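If you want the building blocks of each chain, they are given just below.
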Amino acid sequence: MSRPTRTTEESIARVLPELDYSKIALSLVVMLFFAFFVSPIWTGLVTAFKTTGAVTATTPFVPVLPGTEGFTLAKWTRAIGYLSTGFVNSLAMTIPATIVSVFLGSTAAYGLTLVDWNERLQFGILILFIAGIFIPYQAVLVPLSDFWINLVPLVDILAPVWQLPFLEPDHARLLSLTITHVVYGIPLCMLLFRSYYLTLSDELVEAAKIDGATISRIYRRIILPLSKPMIGVVFIYQFTAIWNEFLFSLTLIGSSSSPAATVTLVLSGMGVDLSGIDFGFRMAGAFVAAMPTLIIYVLFAEQFARGLAEGNT
Amino acid sequence: MAGSQDTATGSRTIGGGETDWRTRVETFSKSDFVRSFPYWFVPFSLVGMGVYGGIGWNTVISLTDYEGFDRPDYTNLDFSMYAQALSDPWVYLTAKNTLVLLIAFTTITLVLGLLLSILLDRGIRYKEKIQTIYLLPMALSFVVTAQFWLWMYNVNNGLVNAVVGVFGLGPFNWIGNPDLVLGAVIFALIWQYSGYAMVVFLAGLQAIPDDQFEAAHIDGAGVFKTYWRVIIPQLKSSSVSAAVVLMVFALKAFTFLYAMFGQYRVPKATDILATLMVREAFMLQHWAYAAAIGTILLVMALAVVAPYLWYQYGQGSL
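Protein sequence lines, in the order shown, are assigned to chains A and B. Quick note: the first sequence uses my numbering, first residue 1, plus one each step. Quick note: the second sequence uses my numbering, first residue 314, plus one each step.
A hint or two may mislead.
[To be verified] For lysine to any residue, the following SDA-like pairs were computed, each having C-alpha atoms within a straight-line distance of at most 20 Å:
| id | chain 1 | residue 1 | chain 2 | residue 2 |
| --- | --- | --- | --- | --- |
| 1 | B | K409 | B | L428 |
| 2 | B | K409 | B | K581 |
| 3 | A | K23 | B | I437 |
| 4 | A | K23 | B | I431 |
| 5 | A | K209 | B | E339 |
[Claimed, not checked] Which residues of chain B face chain A? A few of them, derived with a C-beta cut under 8 Å, are:
| id | residue |
| --- | --- |
| 6 | W353 |
| 7 | I431 |
| 8 | I545 |
[As the list claims (entries may be wrong)] Using C-beta positions, here's what the derived DEER-type ranges look like:
| id | chain 1 | residue 1 | chain 2 | residue 2 | range |
| --- | --- | --- | --- | --- | --- |
| 9 | A | P225 | B | P402 | 38 to 48 Å |
| 10 | B | Q519 | A | L28 | 19 to 29 Å |
| 11 | B | V476 | A | Y21 | 51 to 61 Å |
| 12 | B | L482 | A | L224 | 23 to 33 Å |
| 13 | B | G483 | A | G67 | 46 to 56 Å |
| 14 | A | P225 | B | S400 | 53 to 63 Å |
| 15 | A | M291 | B | V476 | 49 to 59 Å |
Hint data in this document are derived by calculation from the structure and do not stem from the laboratory. Computed from a prediction, not measured in an experiment: that's the story for all the values here. Ideal Cβ placement from N, Cα and C applies to all residues, glycine included.
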């Protein structure tokens, strides 16, 4: 930031007589919020390494060190075993759904913003896309489930496919879920690419046209390579969104014990038994389920923030 | 364009009405509209079917008496499901809870997000790192964060009770007490979303030229006055878009509640229209009734979104 901090500090200094005190107060507030945002995650992390006895016997946010009493990795191995199928299902669903929705979002933004064919009509279609971002899914859940169960039952239509090794008829629902995520993911992807394409110069496309390039050539040779930074942003955002999604998983797959259940669905049914909640197990499960999004976030936090900030204009 | 002109002059030398028709088709087929058609029409038809086809179909289903495991019967359409919803006290209860959640969650998240963005904009050290930490909850699934908060709110060993215990309060049964549970859920959702509001406000703050700080400074305005009088009014557009996103989220918030309580039936004090709709449909198979509640939710969301899009259109920022 290029803001002249000196002048603003001077003005703080006028409000509070001593400059240093205000700086200390500022840091304290920053630290306080740091604790506020981190403590649920931190507490969950240290709890995942505790034995059931230590969970109740120790202070929640104080870690138990390896080698000392009350430390265990058993919760993790159990959680990994419990969630592994859901983890694989989620990967198999999220990666293709992300790639296709990002691609279609980019082509839609290209056809609607960089090519001028009818400004009013293009704007109307754009509004329909944008409104699609804000639709509560509750307003389409009933027909959606009727559609996949009765109208297009992939389990019957693709019957021979489910005979293949490693596949089961339940996986038809995972495919339905993948397609559903593509469809409902397109509007936001379109919006993100659009905001990026609007910053590109109009002359870019015009000049290429005068040189005789076709619409598809301009897309492949000019726009797609130029989109690289935005593809990263949209991909990260969309991957996180689809991986974390739950409502479609619950309603289209149905049961957390289904062989096609996604990781969020399995996690939601984890530790639901009469013996009370095994918090260590649950916390380990939460981290296993969140692992891909956490890794992506640690590596690409900046892109994620950009996707969030630009996804709402 | 150059190509189509060539064809046009080429065919004129031959002449005749039929060729004229042919050149027009040829020109049309080379027009930007046709050439760009596959690019936008494929995604548009998918979204059209999924979103708008879905909404239309849902509305029709809401007019039937569709229940149980059969297919819907479209012969007898009426508004009986809406009449039933409007006379159902549970709908009013959930609507009230939805409204409380929406207002409390949106207001506090916005204020907190604004505060955090100003805090980070004060030229503090490690700004990027701190922003990353504040935004971290947004990268997690509600199913994941619900597990964390279930543990945080635990009566006997939870961290929240340990913290309020320092002040000599509690322990409280945050989840089990009907008076506290909605507040506890709202608090957790604020925790998850205030980083988002912060990022939106930070983007707005960065668009404000620095010399306004200097100008206010020369006029003798202090920091607080500068923000209150000069800077915050210019964040109107950021506030509006963040508020819309937060309100729409509050309307459809389902996952956190389901995951926290592990079932369709959430405590009465936290039951909102979104959870009622999913429960009526997927637990009780009252499809038509659920579709009607879905339509009511849609209308509520549109009441938020339509003025927003109109406002954005008026601002020329669409």
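### Task
Check the following: the C-beta atoms of M291(A) and V476(B) are separated by a distance inside 49 to 59 Å.
Roughly 28 Å apart at Cβ, these two residues miss the hinted range, so it is violated.
### Query
Holds or violated: is the Cβ of I431(B) closer than 8 Å to a Cβ in chain A?
violated, 11 Å
### Message
Between the alpha carbons of K409(B) and L428(B), is the straight-line distance 20 Å or under?
### Response
Violated: K409(B) and L428(B) sit about 28 Å apart, past 20 Å.
#### Entry: Pair hint outcome, K409(B) versus K581(B) [Cα-Cα no greater than 20 Å]
Measuring from Cα to Cα gives roughly 11 Å; hence the hint holds.
#### Entry: Assessment of proposed distance window 38 to 48 Å (beta carbons of P225(A), P402(B))
For P225(A) and P402(B) the Cβ distance comes to about 60 Å; the hint is violated.
### Message
Between the beta carbons of L482(B) and L224(A), is the distance compatible with 23 to 33 Å?
### Response
violated, 59 Å
### Task
Confirm or reject the claim that G483(B) and G67(A) have a C-beta distance inside 46 to 56 Å.
Violated, at about 34 Å.
### Query
Within a Cα-Cα threshold of 20 Å, do K23(A) and I431(B) meet the stated pairing?
holds, 14 Å
### Message
Given the hinted pair K209(A) and E339(B), is their Cα-Cα distance within 20 Å?
### Response
holds, 18 Å
### Query
Straight-line Cα separation of K23(A) and I437(B) no greater than 20 Å?
The hint holds at about 9 Å.
#### Entry: Range agreement (Cβ of Y21(A) with Cβ of V476(B), hint 51 to 61 Å)
violated, 26 Å
### Proposed interface contact between W353(B) and chain A, which counts if any beta carbon pair is under 8 Å
holds, 3 Å
Comparing the model with each numbered hint stated earlier shows that hints 1, 7, 8, 9, 11, 12, 13, 15 do not hold.
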